[in-house]
Amino acid sequence: MGDFIGGTINPILSFFTILLLIQSLNYQYNANESLKKQLKNSEKIENLRTFENLFFNLVTSQSNLFDKFNIYVSDTQNQTKLLVRAEAVLRIEESIEYLIDKKISIECVANFYEEIDQQYGIFDILRAFYIIVKLVTEKLNDESGFTVDDRQFYYERLINLTNFSHLRLICTAMQFEKASIVEYLKNNHEFLEICKKLDLNFTPYEFR
Numbered sequence: 001m002g003d004f005i006g007g008t009i010n011p012i013l014s015f016f017t018i019l020l021l022i023q024s025l026n027y028q029y030n031a032n033e034s035l036k037k038q039l040k041n042s043e044k045i046e047n048l049r050t051f052e053n054l055f056f057n058l059v060t061s062q063s064n065l066f067d068k069f070n071i072y073v074s075d076t077q078n079q080t081k082l083l084v085r086a087e088a089v090l091r092i093e094e095s096i097e098y099l100i101d102k103k104i105s106i107e108c109v110a111n112f113y114e115e116i117d118q119q120y121g122i123f124d125i126l127r128a129f130y131i132i133v134k135l136v137t138e139k140l141n142d143e144s145g146f147t148v149d150d151r152q153f154y155y156e157r158l159i160n161l162t163n164f165s166h167l168r169l170i171c172t173a174m175q176f177e178k179a180s181i182v183e184y185l186k187n188n189h190e191f192l193e194i195c196k197k198l199d200l201n202f203t204p205y206e207f208r
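This note's numbering numbers the first residue of the sequence shown as 1 and each following residue consecutively.
In case anyone wonders, no lab produced these hints; they're calculated from the structure.
These figures come from a predicted structure and were not determined experimentally.
Glycine included, C-beta positions come from ideal geometry on N, C-alpha and C.
Where hints are given, some of them may not hold.
Said to hold, decoys possible - Below, computed lysine-lysine pairings styled on DSS-like, alpha-carbon distance capped at 25 Å:
hint	residue 1	residue 2
1	K186	K197
2	K134	K178
3	K186	K134
4	K186	K139
5	K197	K134
6	K139	K196
Unchecked claim - Between beta-carbon pairs, the in silico distance windows are:
hint	residue 1	residue 2	range
7	K103	K68	32 to 40 Å
8	Y184	D67	24 to 32 Å
9	E143	Y98	48 to 56 Å
10	Q23	E190	16 to 24 Å
With the sequences and hints as input, model every part of the structure.
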């Protein structure tokens, strides 16, 4: 009788033991998955904190660089006058528009821009902007748990934190510069979507 009961109960106990073991393993697996998600989220938050620190430092640096931007022009009395920031950008724009109105060729206008660039360092201002766009693209990548929306949020933030005359100078540089950084910006489709949304035009001058 004892052997019969033992032979009947033992398999049942073994079955429940296996069932409990499976349940325990499931709980452990779920706990491990939850821990992995927490660690991944913590890592993402830390990466974002590091990124934002660098992002805002670079935005400040590019702003400081533009604050130093100036050009020298001759007034009607043929005396040299210093124009800074917005005034300097406006004079460059007016000069380019004047050449276009006079039917000057694209090549000659591009040469005019190049002379100004070499003398006053417009390329450095463009490069500072490019570095921030590249930072957003590379640091907020999909592999690190970020999305297109995350990247585009910071592209838009960059543009909104950049002075309007500063942006106009960047757009002028984008039209006439032939550097690889221009191609990078023009081929960054996520960035271009935001530029289109904000009406930022990288070919501000029309040659008629």
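Hints and how they fare:
Taken as a hint, the K186 and K197 pair is honoured in the structure, with Cα atoms around 15 Å apart against an allowance of 25 Å. Among the hinted pairs, K134 with K178 is consistent with the structure: their alpha-carbon atoms are about 18 Å apart, no more than 25 Å. Under the criterion of a C-alpha separation no larger than 25 Å, the hint pairing K186 with K134 is consistent with the structure, at around 12 Å. Among the hinted pairs, K186 with K139 is consistent with the structure: their alpha-carbon atoms are about 19 Å apart, no more than 25 Å.
A threshold of 25 Å between alpha carbons decides the hint, and for K197 with K134 the separation of about 19 Å falls inside it, so the pair holds. Distance check on the hinted pair: K139 and K196 sit about 23 Å apart at the alpha-carbon level, within 25 Å; holds. For the hinted restraint 32 to 40 Å between K103 and K68, the CB-CB distance of approximately 35 Å keeps it satisfied. Between Y184 and D67 the CB atoms are about 25 Å apart, so this pair conforms to the stated range of 24 to 32 Å.
For E143 paired with Y98, a C-beta distance near 49 Å keeps the hint of 48 to 56 Å intact. Here the CB-CB span from Q23 to E190 is close to 46 Å, at odds with the stated 16 to 24 Å.
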